[in-house]
Amino acid sequence: MEDFEFYMPTRILYGKGCIAKNKSLLSKYGKRAFIITYQIPGRHYALEDIISVFDEERIKYTICTDIEENPSTETIEKVAKKAKEDNVDFIVGVGGGSPIDAAKAVGVLVKNPEKSGLDLFSEANLESIPILAVPTTAGTGSEVTCFSVLTRNDKHTKQAISPRVFPEIAFLDATYLMGMPDTLTRATAIDALCHCIESYVSTASSFMSRAIAEIGFRTFSECVQSMKDGDYSYEVREKQMLISTIGGIVNTQTGSSLPHGMSYFLTHFKKIPHGLACGLLIKEYLAIFKDKTKINRILELTGFESLDAFGQFIDSMLQLDIKVTEEEIEEYAEEFASQKHRFKRHPEPAGKEEVLQIYRKSLFKNNQKL
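Residue numbers (my numbering): 1 to 370.
Treat the hints with care, since some could be wrong.
Straight-line distance between alpha carbons at most 35 angstroms, and here's what the computed DSBU-like set of lysine-lysine pairs gives [as the list claims (entries may be wrong)]:
id: 1; residue 1: K344; residue 2: K361
id: 2; residue 1: K365; residue 2: K352
id: 3; residue 1: K290; residue 2: K270
id: 4; residue 1: K344; residue 2: K271
id: 5; residue 1: K28; residue 2: K81
id: 6; residue 1: K361; residue 2: K292
id: 7; residue 1: K115; residue 2: K228
id: 8; residue 1: K31; residue 2: K115
id: 9; residue 1: K283; residue 2: K81
id: 10; residue 1: K294; residue 2: K344
id: 11; residue 1: K111; residue 2: K228
id: 12; residue 1: K16; residue 2: K60
id: 13; residue 1: K23; residue 2: K81
id: 14; residue 1: K365; residue 2: K271
id: 15; residue 1: K23; residue 2: K84
id: 16; residue 1: K365; residue 2: K270
id: 17; residue 1: K292; residue 2: K239
id: 18; residue 1: K283; residue 2: K294
id: 19; residue 1: K84; residue 2: K31
id: 20; residue 1: K271; residue 2: K115
DEER-style ranges, computed between Cβ atoms [unchecked claim]:
id: 21; residue 1: K21; residue 2: R297; range: 35 to 41 angstroms
id: 22; residue 1: G230; residue 2: D321; range: 44 to 50 angstroms
id: 23; residue 1: G351; residue 2: S316; range: 45 to 51 angstroms
id: 24; residue 1: K21; residue 2: G179; range: 20 to 26 angstroms
id: 25; residue 1: Q357; residue 2: D55; range: 19 to 25 angstroms
id: 26; residue 1: N87; residue 2: S162; range: 52 to 58 angstroms
id: 27; residue 1: K60; residue 2: D321; range: 43 to 49 angstroms
id: 28; residue 1: S306; residue 2: S162; range: 36 to 42 angstroms
id: 29; residue 1: D321; residue 2: R58; range: 48 to 54 angstroms
id: 30; residue 1: I51; residue 2: E305; range: 45 to 51 angstroms
id: 31; residue 1: D229; residue 2: P9; range: 34 to 40 angstroms
id: 32; residue 1: K60; residue 2: L320; range: 42 to 48 angstroms
id: 33; residue 1: K155; residue 2: L320; range: 24 to 30 angstroms
id: 34; residue 1: D308; residue 2: Y7; range: 36 to 42 angstroms
Simulated from the structure, these hints should not be mistaken for laboratory data. A virtual CB, placed ideally from N, CA and C, is assigned to each residue, including glycine.
Construct all of the structure, not just a fragment, from the sequences and the given hints.
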């Protein structure tokens, strides 16, 4: 067995009512909290639970809903300024990847008020004030990762900040997933699966990370029929939340691979939500592998007879009609291939031609080019 390192310091509290059941833990982080979340139609049950516990524990709080999807460095700077003015002790990210990633980045700027948003991409040793995470979607796994991915408008892409910020606690309550629209449920589920897949085939994977990813694949197989039927019971939501967290755990150990990096162009320029953009590319990414050993194992554990059957399932979940030209994907591929670090976790030789192949076969179905 190969040598490996495995580090995952986030405390995971899983189950219905886990915030209220563990309310005594919150006051150790201070008496003034900053909650980063988003506005939703109807009741925001996760936010209600947090506020209730803060009131009981006499923790003062500020609620910020100024975070857009795929938050930019400019937004992070504005929110951090507000948090610093409020002299907060800790931050709670409530929502999907955007609020939780934003919480991590804001936490670093609050701890280091002399720094700018762009400094986050070059200074790896910056620390953060404590971050707590309450996911209300099941895709990014950000509640257990050290990553915070922001939009860089100066470079027209998304990029992870350099500091590694693990949440202190992740509160996993599938109750908060029950109101998710079907489209978001499908997109986030595919995102979580992509994390598991990209980690599993990575050059940085280990016995431990692969074993955990395989639990994710098996759990995903138990959700496939429900996803086809649009039947999202509480039990299914529980499994999807676990897959998301598993994806986050293994992604932290290995990092992501080609599909995630390639997806950023589709999200930035075509406004394709992150999970959908990754899902668009994942089948053709797996198709470029010459050694099919791990690919076949993934298909076996997820319950698909072939890569084509897997691709058909993904397509049925995404239901996307994206308009992109040959010139555009040439530009995306050229820019992506110029970033040599993007290929370091892919286990076989690859370059611009492989990237173009993935883009073309994923985006030009039936050879329909614009």
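Tested hints:
1. Proximity of K344 to K361 is assessed by CA-CA distance (about 23 angstroms); at most 35 angstroms being required, the pair is judged to hold.
2. With a C-alpha separation of about 20 angstroms, the suggested pair K365 and K352 falls inside the 35 angstroms cut-off, and the hint holds.
3. Straight-line distance between C-alpha atoms of K290 and K270 comes to about 31 angstroms, which keeps the hinted pair within the 35 angstroms bound.
4. For the proposed pair K344 and K271, the alpha carbon gap of about 27 angstroms is at most 35 angstroms, so the pair holds.
5. Restraint check for K28 and K81: satisfied, since their Cα atoms lie roughly 24 angstroms apart, inside the 35 angstroms limit.
6. A C-alpha spacing of about 19 angstroms is found between K361 and K292, which places the hinted pair at or below 35 angstroms, so the restraint holds.
7. Among the hinted pairs, K115 with K228 is inconsistent with the structure: their alpha-carbon atoms are about 47 angstroms apart, more than 35 angstroms.
8. With a C-alpha separation of about 25 angstroms, the suggested pairing of K31 with K115 holds against the 35 angstroms cut-off.
9. Between the alpha carbons of K283 and K81 the distance comes to roughly 42 angstroms, so the proposed pair goes past 35 angstroms and is violated.
10. Note on K294 and K344: the hinted pairing holds, with a Cα-Cα distance of about 18 angstroms set against a maximum of 35 angstroms.
11. Taking the CA atoms of K111 and K228, the gap is near 45 angstroms; set against the 35 angstroms cutoff, the hint is violated.
12. About 25 angstroms separates the Cα atoms of K16 and K60, which keeps this hinted pair within 35 angstroms; it holds.
13. At roughly 28 angstroms between alpha-carbon atoms, K23 and K81 fall within 35 angstroms of each other, so this suggested pair holds.
14. Proximity of K365 to K271 is assessed by CA-CA distance (about 19 angstroms); at most 35 angstroms being required, the pair is judged to hold.
15. The straight-line distance between the Cα atoms of K23 and K84 is roughly 25 angstroms, inside the 35 angstroms bound, and the hint therefore holds.
16. Annotation: proposed proximity of K365 to K270 holds, straight-line Cα distance about 17 angstroms (limit 35 angstroms).
17. Between K292 and K239, the direct Cα distance comes to roughly 27 angstroms. Compliance with the 35 angstroms bound is thereby established for this hinted pair.
18. Of the supplied pair hints, the one linking K283 and K294 holds, its CA atoms being roughly 14 angstroms apart against a limit of 35 angstroms.
19. The hinted pair formed by K84 and K31 meets the criterion: a straight-line CA distance of about 14 angstroms does not exceed 35 angstroms.
20. Distance check on the hinted pair: K271 and K115 sit about 29 angstroms apart at the alpha-carbon level, within 35 angstroms; holds.
21. Hint check: K21 to R297, Cβ distance near 37 angstroms, so the stated range 35 to 41 angstroms holds.
22. For G230 and D321, the Cβ-Cβ distance of about 20 angstroms falls outside the hinted range of 44 to 50 angstroms, so the restraint is violated.
23. Against the hinted window of 45 to 51 angstroms, the Cβ-Cβ separation of G351 and S316 comes to about 31 angstroms, which falls outside the hint.
24. Between K21 and G179 the beta carbons are some 21 angstroms apart, a value that agrees with the proposed interval 20 to 26 angstroms.
25. Distance hint check: the CB atoms of Q357 and D55 are about 56 angstroms apart, inconsistent with the given range 19 to 25 angstroms.
26. The supplied range of 52 to 58 angstroms is broken by N87 and S162, whose beta-carbon atoms lie about 26 angstroms from each other.
27. Between K60 and D321 the beta carbon distance is about 48 angstroms. The supplied range of 43 to 49 angstroms therefore holds.
28. As the Cβ distance of S306 to S162 is approximately 41 angstroms, the hint placing it in 36 to 42 angstroms holds.
29. Taken as a hint, the range 48 to 54 angstroms holds for the pair D321 and R58, whose Cβ atoms sit roughly 52 angstroms apart.
30. Checked against the hint of 45 to 51 angstroms, the pair I51 and E305 passes, with Cβ atoms roughly 48 angstroms apart.
31. Between D229 and P9, the C-beta spacing of about 38 angstroms keeps the proposed range 34 to 40 angstroms intact.
32. The hinted range of 42 to 48 angstroms is satisfied by K60 and L320, whose Cβ atoms lie roughly 44 angstroms apart.
33. With their beta carbons about 25 angstroms apart, K155 and L320 fall inside the hinted range of 24 to 30 angstroms.
34. For D308 and Y7, the Cβ-Cβ distance of about 38 angstroms falls inside the hinted range of 36 to 42 angstroms, so the restraint holds.
Of the numbered hints stated above, those contradicted by the structure are hints 7, 9, 11, 22, 23, 25, 26, listed in ascending order.
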